[in-house]
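Enquirer: Chain by chain, the residues:
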Amino acid sequence: MIGVAILTSIIGFTTAYLTSLYTFSFSRFFHYALILPFAIPTYIMAFIYGGMFDITGSVTTFFLNFFNTSIDKIVFFDIMSIEGAIIVMSLVLYPYVYLICKTYLSFESASIIEASKTFNLSTWKILRKVILPISRPAIVAGVTLAVMEAVSDFGVMDYFGVSTFVTGIFRTWLGMGSIEDASKLASILMTFLFILIILEKIQRRNKLYKSSGKDFRPIEKIKLKGFQNILATTACFLPFFLGFLLPFIQLCFWFIQSYEDIIDEDFMTLLYQTLSLGFGSAFLITAFAFLFVYNVRINKDTSSSVLTQIVKLGYSVPGAVVAVGILSFFSIVDKYVIDFVSSTFIISGTIVAIIFGYCVRFIAISINTFESGFSRIPNSYDDAAFIFKIGDLKTFLKIYVPLLKNSAYAAFIVIFIEVIKELPLTMVLRPFNYDTLAVRALELTQQGQIIESSVPSMFIILIGMISVILLARNMNKV
Amino acid sequence: MVNVNNLSIKFNETQILEDISFSVKNGEIVTLLGQSGCGKTSILRTIAGLQREHEGNICIGDVCVSSKDVYKQDREVGYIFQDYALFPHLDVEENISFALDKLSSKDRNKRVNELLEQFDITIHRKKQIHQLSGGQQQRVAIARAMANKPKILLLDEPFANLDSQLRYKTKMWLKNLIKKYDLSAILVTHDKKEALSISDKIGIIHNKKLLQFDTTKEIYNNPKKFYIANFLSDINILDVEVLKKININTNKDEVATIKVELTKLTNKENSLKLQLIDSSFCGDYYEVLVSLENNNKNMIHLNLLDLSILEKEIYLDIEARNIKVLKKS
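Protein chains in written order, with the numbering used here: chain A, 131 to 608; chain B, 374 to 702.
Isolated chain B, as found in the complex (with noise of 0.2 Å):
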């Protein structure tokens, strides 16, 4: 279990991050999203005790720590960094062994050979670590973050350096290795995909702060700002002359969206005629472009099946029900 409490971060006088809260539990995934250099790992750091200077409180279980007392603690964590950290001139087994300094020699080698069995590497025990494709180098390094059988696992963007294919594969693996091992992991990307799909609960940071903290389903469902909303999802924004047509009133502040899964069209009559702009074939699906008739200034983005639809005139269908009003900042 991991509690973040009021955490801010300075960097040489410039504020990083702000009051930033949150906990994970035994099992539980969380991952910290937003967009590159918001500081999300500035927070895996802190946590991991790499970075110094901060304000509030870290427990991991029932242990806080605070700035003061960074090198006291025996924190307890696996980091994977985002480059893996991997060291170029020691082969698997030594790469391994590196994190297990504190054991006697026989103790280590145990080990050694139980994490190798255990992440399938033992063949690749000899080899240098440019030697092994990009999967191979990410058990390498979780290998070697789980050998001193750590509480919390820390992940820095774990899926940035493989290809589309092995990261479906090995985000299945690294989930189901966290379950079973009771870990509270932390994972930090700019990938809403990754988050979505990986995720038990997920932070959005934006403009220093936590903007919101939720089950992954609650945050994509009902997201709290236009940026969540937006960051998370494709949304189309609706403008006035749509909202008046369909009776829902907005303030200065806010703006109306919809979920572009959510937009329809329908060849039934209503007050909502639109003509088509664009469309475009992206192999299941075509990304269809739309506007008010005689108003092409507000867009509307839509996926369709099929472009049947297309060959009658076209009018918007949408339930008031999926239009969230929210707040612009």
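Bound conformation, chain A alone (with noise of 0.2 Å):
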């Protein structure tokens, strides 16, 4: 958790630094490059990186005939270790630092910045006395998404090998056979990233330092020559490179090796399970949460505002935590149902729960992209609707129903990504025989065919980066 909050952190912020302040060669090639890093899921990036620094793997076998030696001669990097782990985590986490630590610097300390150089101080003085310091809110918010999302990991410290409270509670649960003791190391869990997030709140109380005017404006960039321009554009493509490119070009070259094996009929209902959960899901867990925000904009009570605060706190819960919970709230109602009405109405184990789970997760997002939807809504519309007698159903179609149908078609598509990548929460709550991309990528990894994982892998990218895309020209409409 440290090792990716320090290396997060480092790269998240430098990179954001650097693009916010400064012009240099591909800057704005890397405005964008540096988000790429999101559409590979931390276990996909794992299974890639486990592959290539494998004995036999491409970076192994690239220094072995550089340095002309063999393996038991030189000392080579584990990447299955807890290093290697931190390692690749902070490649795929650290635009979360980037994301926020842009905004921040771009737009809303930009009068701060320029005050500052006023003052004739040098590059190095402006960067530790003022950006850092005012930069910290932003880096520790960006850094507790970045340690959420490590903490709450499966994909990547099973493969590795290495032991979490989430390993911990599937290995409980699995291997044990004790749901009990799985449901107890979850609450640590949970506790411990109550404590984070509330940390995270009070730590950014009062200090997120804001331009004094509302029409922020973006900072003024200064144009970088020569060693600064060389250095610049090495720090952003390395990350660029090892967070994005070198992973998709190995998993290019593995696709190609492997296609022909992996892709058949199975794999073509594998990939239909994909998509239709993915589109199922989302569609309903947009729908629920329209009717959540609508629900607490109609009533405006604080009944429906707590309500709706209280179902988004599903996003800070890790799958793993989600699927114990529901398994373990399924099996009660079952025996209920099984006792009370009919064995044919057992939940546990059917699209319901998987679904269910899914809505707990990942409802929070479609919320607050709803939320911000409403937002740009003033409530004078509902008044002038009030005004000329219009009905609650005419304005709802009227109205709300055109103005919204962006903020659903974003929220749709960020929650069919989520619900593609979901590795934990699918594995544990999927039917019997029900494997999605995600479950089917982990499952060859663990026999051993990581070049072969690598085909279901490509689709869950390329799936991703369509739907950015699509979500993108989405955002420009808006």
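No lab work stands behind these hints: they were computed from the structure.
In this text the structure is predicted, and so the values were computed from the model without any measurement.
Keep in mind that a hint or two might mislead.
Stated by the list, open to error - Listed below are the simulated EDC-like cross-link pairs for lysine to aspartate or glutamate, each with C-alpha atoms no more than 16 Å apart in a straight line: (1) A:K524 / B:D474; (2) A:K528 / B:E466; (3) A:K524 / B:E467; (4) A:K528 / B:E426; (5) A:K519 / B:E449; (6) B:K475 / A:D522; (7) A:K519 / B:D474; (8) A:K430 / B:E426.
Quick one: dock chain against chain with the hints and give me the complex.
Expert: This is how it looks when you write it as structure tokens:
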């Protein structure tokens, strides 16, 4: 956790600082490219790096050929370790810090930074005395998100053989068959995560320095030349290269090697199952989220608002914990159903349980999207409809639906991507024999078929990238 | 005709307004004037039926409504929101026809055409709202508010989004419109000049209360409280030394004031000798700051068309009848 925090803050802040305040070779390209590691799920990144650093892997082979030596004669970095897990996780998760710091540095802190420049301080002094202190809350906010993801991760830790709370939950539950002990571990993990969230909120209170003006304007960038230009380009290229380009190229090679063996009728069923699960869940979660936010808007009462905030807490709960919670809950429900109704209505291990799990885990994202959409619809629109005696249904259809369709589209796509990527929750709650691309990728790597696992992984990344492009186009429309 | 009787409004146990009463006749423009956040918009919202919880009642024509029957009454009000509340996804024509939902398609089209013509926006009928200027948007908002032929027009800071030139034109146009259709209009604003220039009557709201409700001239010339005088016009507060010399006595809870426009200078010697503190050029007049000689605690502001009077010794020239002794609260 500490390792991921340090590494993501260094990579995220440095790249955000450089791309926000300076222009250099390819800086416009890096502006977008540095977000790309987000498209690769952490567990897929782990499989790829695991494969590349394997004895027969591409990186190992490259170094052995380059130094013309044998494996027993050089000390080689063991990626399948806690240090390896930290590096891999940080390469995927640094965009959290990058995005938050970049938004903050580019807009909200423009006047503070420009004011400090008028005192003729050196660039280094401005960075140390002004930019770093004022960016601290943004860095902490980004790092908290990255650390939460790292702590909740199952795929990377399981594959690298690193023991964490989440792998412990799975081992206790699947290996030892004790759902009670798994629940205890899950409770401890949840307590820790909530403490983390509370600490982050406390540190952010009163400390996010904002420009006094309402109209944020972007900061005037400085053009870097010569050695400084090369240094900045390299600093941004490395995270992009290691976090996206290299693993993606490797994945493409493996894909080309193995797609003919993997893509068959079964794989198409798997693809169909994954996509239909993604579409179905995204549709239902988006609809539920809309109802929650619409209810708050219409009723304007505290209870609706509190209920929505409670529902939103699900996103901070790791997939594994949600899975254990839902399984415990439905096992109790099923027991009563079998005792009092019929054994044909069991929910555990059905598509209902898994969609319910996704709903608990991801509804916060859709709620946030709709809240932001609703906040752009002034209350005076509702008042105007009331004055013209337009009923609730007509107001809904004529005002809310057209004005919120972009928010709904965005919410749908984000949930769709998350569902396609989600691993631990799917693994635990999926119906018997109901595989998804993520589960298949994990299964293939567990069987040592790293190259073959590139096919489902490639599909996950491509679906993610297409969805992100659709999302970006939608955002441009807004 | 609108009668507001003993209206009180609370938000979550916090009293916003207390015991507000006033009336508006047909063809009359009443402005509720007060600082931002004083609760004036809440009065409009209550009259429109948008503010559910309140005490007291509101009579529109012969029909009186209380908070219990907010939804039951057909209030026949037109409301112009501060942000106009025009729907960005609908064009001009669709925005207006939105208000006419209860009419048949044929009648709706006919009425929309009438309104477009009446408000001189026919050429904009297919335009999206963001394609219109601020003034055009306001016309669309007013056309929509007038669509159902309301008896009362409620206007929430209607000129706030217009630049000063357009503001004057629109003000006159709106005033004529209200008079032409014999509407009862209630306007809220925090801009005293706007209030004075358009209103038949003004109500000043401060500290939850309606401090004074009177005709525009009466409230300007004879404000009942210091707050009203200070809010509506530029005034000088005269201190004890000045008052002694002109033989005016005040109680502790009173304050003696004179409007800046009625504060004059003279070169003729009297007991109120002044010293010049500062003068600044303001285009068509000079803003001058003076004080009694050897007492620069009590500053007196006045406006002069030229500064030649300052070349000699200057004295305060005020008439006792122009001095208003007002209650502090």
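Enquirer: All hints are to be evaluated individually against the structure, with a verdict given for each.
Expert: Now for the hints, and whether the structure bears them out:
no.	hint	in the structure
1	A:K524 / B:D474	holds (10 Å)
2	A:K528 / B:E466	holds (14 Å)
3	A:K524 / B:E467	holds (14 Å)
4	A:K528 / B:E426	violated (28 Å)
5	A:K519 / B:E449	holds (10 Å)
6	B:K475 / A:D522	holds (14 Å)
7	A:K519 / B:D474	holds (8 Å)
8	A:K430 / B:E426	holds (14 Å)
Violated hint for the displayed structure: number 4, the only one.
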